[in-house]
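Engineer: Residue numbers for the sequence shown, in my numbering: 1 to 257.
Read the hints as simulated data drawn from the structure, not as lab findings.
Be a bit skeptical, because a hint or two may be false.
[Said to hold, decoys possible] Pairs of lysine to any residue residues, derived as SDA-like cross-links and limited to a Cα-Cα distance of at most 25 Å, are as follows: (1) Lys235 x Met91; (2) Lys95 x Ala207; (3) Lys95 x Gln168; (4) Lys235 x Arg248; (5) Lys92 x Asp171; (6) Lys95 x Ser121; (7) Lys95 x Gly193; (8) Lys92 x Tyr174; (9) Lys92 x Asp221; (10) Lys92 x Ala207; (11) Lys95 x Leu196; (12) Lys235 x Gly134; (13) Lys92 x Arg179; (14) Lys235 x Ile122; (15) Lys92 x Arg204; (16) Lys95 x Glu210.
[Stated by the list, open to error] Cβ pair distances, simulated, as ranges: (17) Ala207 x Arg148: 14 to 24 Å; (18) Glu127 x Gly193: 11 to 21 Å; (19) Arg186 x Gly164: 15 to 25 Å.
Remember, predicted model here, so these are calculated numbers, not experimental data.
Where a beta carbon is used, it is the ideal one built from N, C-alpha and C, also for glycine.
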Amino acid sequence: MKNERRRVLAGSLAGAAVLGVLGFAALRPDGSGGAPERPVAASGSTPQGATPGGAAPEGAPTSEPPASGTPSPQPSGTPVWEGPTPPPVDMKLSKGSDRAAVTIVEFGDFDCPNCRRYAQSIAPELERRYLDTGVVRVFWRDYPIRGRRSVEAAVAARAASRQGRFWQFHDALYSGTARLTEDGLRAAARQAGLDLARFDADRRDRAVREAVQQEGAFAADLGLPGTPAFLINGKLLFGAQPLEVFVRAIEQARRGS
Numbered sequence: 001m002k003n004e005r006r007r008v009l010a011g012s013l014a015g016a017a018v019l020g021v022l023g024f025a026a027l028r029p030d031g032s033g034g035a036p037e038r039p040v041a042a043s044g045s046t047p048q049g050a051t052p053g054g055a056a057p058e059g060a061p062t063s064e065p066p067a068s069g070t071p072s073p074q075p076s077g078t079p080v081w082e083g084p085t086p087p088p089v090d091m092k093l094s095k096g097s098d099r100a101a102v103t104i105v106e107f108g109d110f111d112c113p114n115c116r117r118y119a120q121s122i123a124p125e126l127e128r129r130y131l132d133t134g135v136v137r138v139f140w141r142d143y144p145i146r147g148r149r150s151v152e153a154a155v156a157a158r159a160a161s162r163q164g165r166f167w168q169f170h171d172a173l174y175s176g177t178a179r180l181t182e183d184g185l186r187a188a189a190r191q192a193g194l195d196l197a198r199f200d201a202d203r204r205d206r207a208v209r210e211a212v213q214q215e216g217a218f219a220a221d222l223g224l225p226g227t228p229a230f231l232i233n234g235k236l237l238f239g240a241q242p243l244e245v246f247v248r249a250i251e252q253a254r255r256g257s
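Input sequences plus hints: build the corresponding full structure.
Structural biologist: Okay, structure coming up:
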């Protein structure tokens, strides 16, 4: 249990480090990133400690990184950490000011009801308060843990990102009316204003699928308990918590506390 906790919290720091939150942009000397190549969780499964369906426990606390999980400088002055190597950050899956003081990394699954609740009820208000005012920048990472439909939806969203329409497609999938079937994904693509022929071709691109697999493997290796999971300047917050929980976490990160 102790090792699992250290793995989650060290991973929280890792995710923040990749985005430059801790003052460095890459976790390899060559800055190349990369991730273990392994499939995402099998159909119908959730990581240990998650409730079925990716549900988040009410009132789940944020986690404070222990001192032992902090990157330590080597003789060369390059900070390193022990943990899985993050895949490269896809900037097309981000939104907000690049000068934002607070970074939120969301690990999500398009078939997760709590992710949909967050997207519908919480994210719009956070966007109005913090993204539109330049305080927060959001990065999406795929964590498709609910099976084949989750994976195919994530692949489709990556395909949409190639046309610069990731967030429009994201919103269409979380609208509450979209079905994660072949017809449903193409309907969401039309709603998002995509070129359908290019969308279909990009979904068949092996690189798109591998990107999803790498992100799912990375999230699993961090030991994240389910979806949605958030790193707010490196601190873990799990679940579609009430709005005030996110506001409190953002304000603490903004103050550097």
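Engineer: Against the earlier hints, flag every one the structure doesn't satisfy and list their numbers going up.
Structural biologist: Violated: none.
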